[in-house]
Amino acid sequence: MQLFPCPFCGPREESEFHYGGEAGNLRPDGNDVTAERWAGYLHMRDNPKGPTREIWMHLTCGEFFAMSRDSVNHKVSGSSALGETEHGA
Amino acid sequence: MTRHYSALSLFKEGIAGQTGWEQAWRSPYPKARYDAIIIGGGGHGLATAYYLAKNHGVTNVALLEKGWIGGGNTGRNTTVVRSNYFYPESAAIYGLAHSLYKSLSKDLNYNVMLSARGILTLAHSEAGMETAARSVNAIQVNGIDCELFSVEDVRRVVPIYNFSPDARYPVYGGTWQPSGGTARHDAVAWGYARAASRLGVDIIQNCEITDFIIENGRCRGVVTSRGAIRAERTGMAVAGHSSVLAAKAGFRLPVNSYALQACVSEPVKPIIDTVVISPDTGVYASQSDKGELVIGGALDRIPSYGQRGNLPVLEGVIAGMLDMFPIFGQLKMMRQWAGIVDVVPDSSPIIGESPLPGLFLNCGWGTGGFKAIPAGGTLLAHLLATGRHHDISRPFDLDRFARGRLIDEAAGSGIAH
Chain H
1 MQLFPCPFCG PREESEFHYG GEAGNLRPDG NDVTAERWAG YLHMRDNPKG PTREIWMHLT
61 CGEFFAMSRD SVNHKVSGSS ALGETEHGA
Chain U
1 MTRHYSALSL FKEGIAGQTG WEQAWRSPYP KARYDAIIIG GGGHGLATAY YLAKNHGVTN
61 VALLEKGWIG GGNTGRNTTV VRSNYFYPES AAIYGLAHSL YKSLSKDLNY NVMLSARGIL
121 TLAHSEAGME TAARSVNAIQ VNGIDCELFS VEDVRRVVPI YNFSPDARYP VYGGTWQPSG
181 GTARHDAVAW GYARAASRLG VDIIQNCEIT DFIIENGRCR GVVTSRGAIR AERTGMAVAG
241 HSSVLAAKAG FRLPVNSYAL QACVSEPVKP IIDTVVISPD TGVYASQSDK GELVIGGALD
301 RIPSYGQRGN LPVLEGVIAG MLDMFPIFGQ LKMMRQWAGI VDVVPDSSPI IGESPLPGLF
361 LNCGWGTGGF KAIPAGGTLL AHLLATGRHH DISRPFDLDR FARGRLIDEA AGSGIAH
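Quick note, the sequences are listed as chains H and U, same order.
Using the numbering used here, you'd call the opening residue of the first sequence number 1 and step up by one each time.
Using the numbering used here, you'd call the opening residue of the second sequence number 1 and step up by one each time.
FYI, nobody ran anything at the bench for these hints, they're computed from the structure.
Cβ atoms here follow ideal geometry from the backbone N, Cα and C, with glycine treated the same way.
Keep in mind that a hint or two might mislead.
What the hints assert, rightly or not - Label pairs and their in silico Cβ distance ranges:
no.	chain 1	residue 1	chain 2	residue 2	range
1	U	G404	H	G50	28 to 36 Å
2	U	Y29	H	H18	46 to 54 Å
3	U	M333	H	F64	32 to 40 Å
4	H	C61	U	M333	54 to 62 Å
5	H	E36	U	V223	22 to 30 Å
6	U	D397	H	H18	30 to 38 Å
Taking the hints into account, I'd like the entire structure generated from these sequences.
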């Protein structure tokens, strides 16, 4: 069992966490968003092989946070509370 | 040299000391230019090469594989073949695959060991039975063989299931596709490779794509670890690594890559002669011809390119398997592995021209690519040869995500994730 670091609770077992998507995928704003842009926000992903920054939820405390991780060897390099780059203003 | 596989040639070669067998496929040095390039030497890529040559007469084709053929998901799946899908579009594509599978051994002159042992998808509640009935109706309307099973029917087909009154997952019935079953995964890859090579396709292994050659906004070939190779049309069938190649070509895909695990037990005497799927435990099991129990389950919950898998999901799979079959409590597990699958929001494949003209896609099969190999090959070959969609592949174009015409098989098809 791998341990993930919740920025609020400390290291916990991976089964307590839920993947929430790629960090920085911001919801488009305004009335003139094209279908392609909506599809990009809803469906298109970078899905990187290697270093990646993602949104996760710690199901136990209910907090969302950002985690930097490697998608090949699963090593976690850090986690932090959400900032502006992850959820906009 | 003995080229044709038959009982007679086996007998003759037995007498001659097995010295006359021809190599199953050639390993040529790549040329600088081809009529078409196929990236990915798994089942879908190899089938594409074969159908390009056989159906369209395009034989000046290079198939490029970064490792060895059949070494990715084609060699890591649980070999299930079925076509019991919910939507008509899906029934058409998986039905095409299934019908081609039925004659594949003869077509390729290679025994793919297709075994129509039936597929049983269980229902564990009254609500589950209602869903099963709806599913059977839809599948029958699609022209695919499927029956609704009662508890008695399940007991007849899988007597070793846990029918005790205190079972965690009691059986209320299920759906049954009698023509479903298994095929030998390696044989599918090797059979297509041998047949394609004979028709003139160059199968080039240990050849990794490092970049695309893009001129005037069109894909005109690839740069590889063995030099540049040019072609006017390129197709890619690389499953879990589709996003990596898409990034090199300058676009994104609606794909998340996850590890999907499977495991096999030590070989035991014949005890289960069908494929049993339990959507509630997320576990499915069959028995190989060697006697191993082949067990698969749900996707890992963490996006990954590591071909290993994580422990929590494996624990859940084994626990579910023991809930279903307590008789396997003493069984020793022999091997565990994982493949990287390309999961798409609507659990349906993506087939069509990519945002980079001249580059064509065959991806997004997620956890169910093996059963679809002959169709994926037929349809990508059609695109590469004609530049246009086959009627069956049109609904699966990448444009469905912007148009909102998703083909959502996640709930409809009884897949275990």
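Here is how each hint holds up against the structure:
| no. | hint | result |
| --- | --- | --- |
| 1 | U:G404 <-> H:G50: 28 to 36 Å | 32 Å, holds |
| 2 | U:Y29 <-> H:H18: 46 to 54 Å | 49 Å, holds |
| 3 | U:M333 <-> H:F64: 32 to 40 Å | 37 Å, holds |
| 4 | H:C61 <-> U:M333: 54 to 62 Å | 35 Å, violated |
| 5 | H:E36 <-> U:V223: 22 to 30 Å | 29 Å, holds |
| 6 | U:D397 <-> H:H18: 30 to 38 Å | 31 Å, holds |
The structure fails to meet hint 4 from the earlier list, while all remaining hints are met.
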